[in-house]
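Here the protein sequences come in this chain order: F and P.
Under this note's numbering, think of the first position of the first sequence as 1, with each following residue one higher.
Under this note's numbering, think of the first position of the second sequence as 1001, with each following residue one higher.
In short, the hints are calculated from the structure, not lab data.
There could be a bad hint or two in this list.
Label pairs and their in silico Cβ distance ranges [said to hold, decoys possible]:
(1) P:Pro1059 <-> F:Ala42: 35 to 43 Å
(2) P:Gly1115 <-> F:His6: 39 to 47 Å
(3) P:Arg1121 <-> F:Thr133: 19 to 27 Å
(4) P:Cys1012 <-> F:Ala12: 41 to 49 Å
(5) F:Arg114 <-> P:Cys1012: 41 to 49 Å
(6) F:Ser115 <-> P:Cys1012: 26 to 34 Å
(7) P:His1043 <-> F:Arg114: 27 to 35 Å
(8) F:Pro148 <-> P:Gly1115: 50 to 58 Å
(9) P:His1043 <-> F:Val143: 18 to 26 Å
(10) P:Val1093 <-> F:Pro148: 21 to 29 Å
(11) P:Arg1112 <-> F:Gly98: 29 to 37 Å
(12) P:His1043 <-> F:Pro13: 48 to 56 Å
(13) P:Arg1112 <-> F:Leu79: 38 to 46 Å
(14) F:Ala12 <-> P:Asn1013: 43 to 51 Å
Computed far set for chain F versus chain P, every beta-carbon distance over 12 Å [what the hints assert, rightly or not]:
(15) Thr41
(16) Met75
(17) Tyr111
Because the structure is a prediction, the values reported are computed rather than measured.
By construction, the Cβ of each residue, glycine as well, lies at the ideal position given by its N, Cα and C atoms.
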Amino acid sequence: MIDRSHIGRELAPSVLDVEKGRLVFFAQAIGETDPVYTDETAARAAGYPALPAPPTFIFAAELDSRTVVSMLDEMGVPLARILHGEQAFRYFAPVCAGDTVTVRSRVADIYARRSGALEFIVKESTATNQHGTEVATMRSVIVVRNPPGAT
Amino acid sequence: MTPRAMRLPDPCNAAVGDRLPELALPPLDRATLALFAGASGDHNPIHIDIDCARRAGMPDVIAHGMLSMAWLGRLLTRWVPQPAIRELSARFVGIAHLGNALTCRGRVVERREDGTEVLLRVELEVTNQYGERKVQGEAQVALPLAPRSIAAGS
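With the sequences and hints as input, model every part of the structure.
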């Protein structure tokens, strides 16, 4: 079982430079055909200063920085045993190519169900841009499948 | 008179019960998972390496929950400009396997008017071709009451 003393822990910040080429790659990877996401002329015509990041893109911040992997490692949770349970975003300002987004998270809760067969890690995050503007908040629930007889 | 559910709803005039135009995706394949892993930063080998997936107890590689959520993002941004999306949440209730052809659907379940804005709550789901639900979610969308183009940040 995960040590409950991790609850309340703040994770190291993750800094994501939002790059045009990666946004185009991401748009292509999800089959996005709206030119606003891949064509700067279309993006500017729509009122954006540069290519906009699609709604789920900033989730990349803590993956790139390996913050989540480190957190799981410190909790003693193997990657093979996790599933993504829930994910939520609240949006306050657009994120576009050229922005730098910093994500700061804390472990909000850890709890168990089914007599410990499943554990749940709740992580809450804020994302701010290079101007100090809060662009989004996020909430993740990671599900850990424990082997039978885990203590 | 065209039934309400069959009209493409103008979001500003959306009513409770209106359905968003569906987004149907091609069957999941390894190439899609590999590219999404690279683009999204989620390199968990359970999504890209069959040997790792099998050691983890899966029959084969499985899709990222966030791939389905990205598709829910597309469902919404085809319907409203992205700055209108205030909240997006998802529960990953089922694993999406290779060969699953997923469809994203949305339905307006609440409409409120708040001064100059109309606020819509949209229930979202992602199901495969067998009707198995993989994602259950919700979005909150805010649009100006008088239809006009929305410029980012305005």
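Outcome of the hint check:
no.: 1; hint: P:Pro1059 <-> F:Ala42: 35 to 43 Å; result: holds, 41 Å
no.: 2; hint: P:Gly1115 <-> F:His6: 39 to 47 Å; result: holds, 43 Å
no.: 3; hint: P:Arg1121 <-> F:Thr133: 19 to 27 Å; result: holds, 26 Å
no.: 4; hint: P:Cys1012 <-> F:Ala12: 41 to 49 Å; result: holds, 43 Å
no.: 5; hint: F:Arg114 <-> P:Cys1012: 41 to 49 Å; result: holds, 45 Å
no.: 6; hint: F:Ser115 <-> P:Cys1012: 26 to 34 Å; result: violated, 50 Å
no.: 7; hint: P:His1043 <-> F:Arg114: 27 to 35 Å; result: holds, 29 Å
no.: 8; hint: F:Pro148 <-> P:Gly1115: 50 to 58 Å; result: holds, 56 Å
no.: 9; hint: P:His1043 <-> F:Val143: 18 to 26 Å; result: holds, 19 Å
no.: 10; hint: P:Val1093 <-> F:Pro148: 21 to 29 Å; result: holds, 23 Å
no.: 11; hint: P:Arg1112 <-> F:Gly98: 29 to 37 Å; result: holds, 35 Å
no.: 12; hint: P:His1043 <-> F:Pro13: 48 to 56 Å; result: violated, 21 Å
no.: 13; hint: P:Arg1112 <-> F:Leu79: 38 to 46 Å; result: holds, 42 Å
no.: 14; hint: F:Ala12 <-> P:Asn1013: 43 to 51 Å; result: holds, 47 Å
no.: 15; hint: Thr41; result: holds, 15 Å
no.: 16; hint: Met75; result: holds, 16 Å
no.: 17; hint: Tyr111; result: holds, 16 Å
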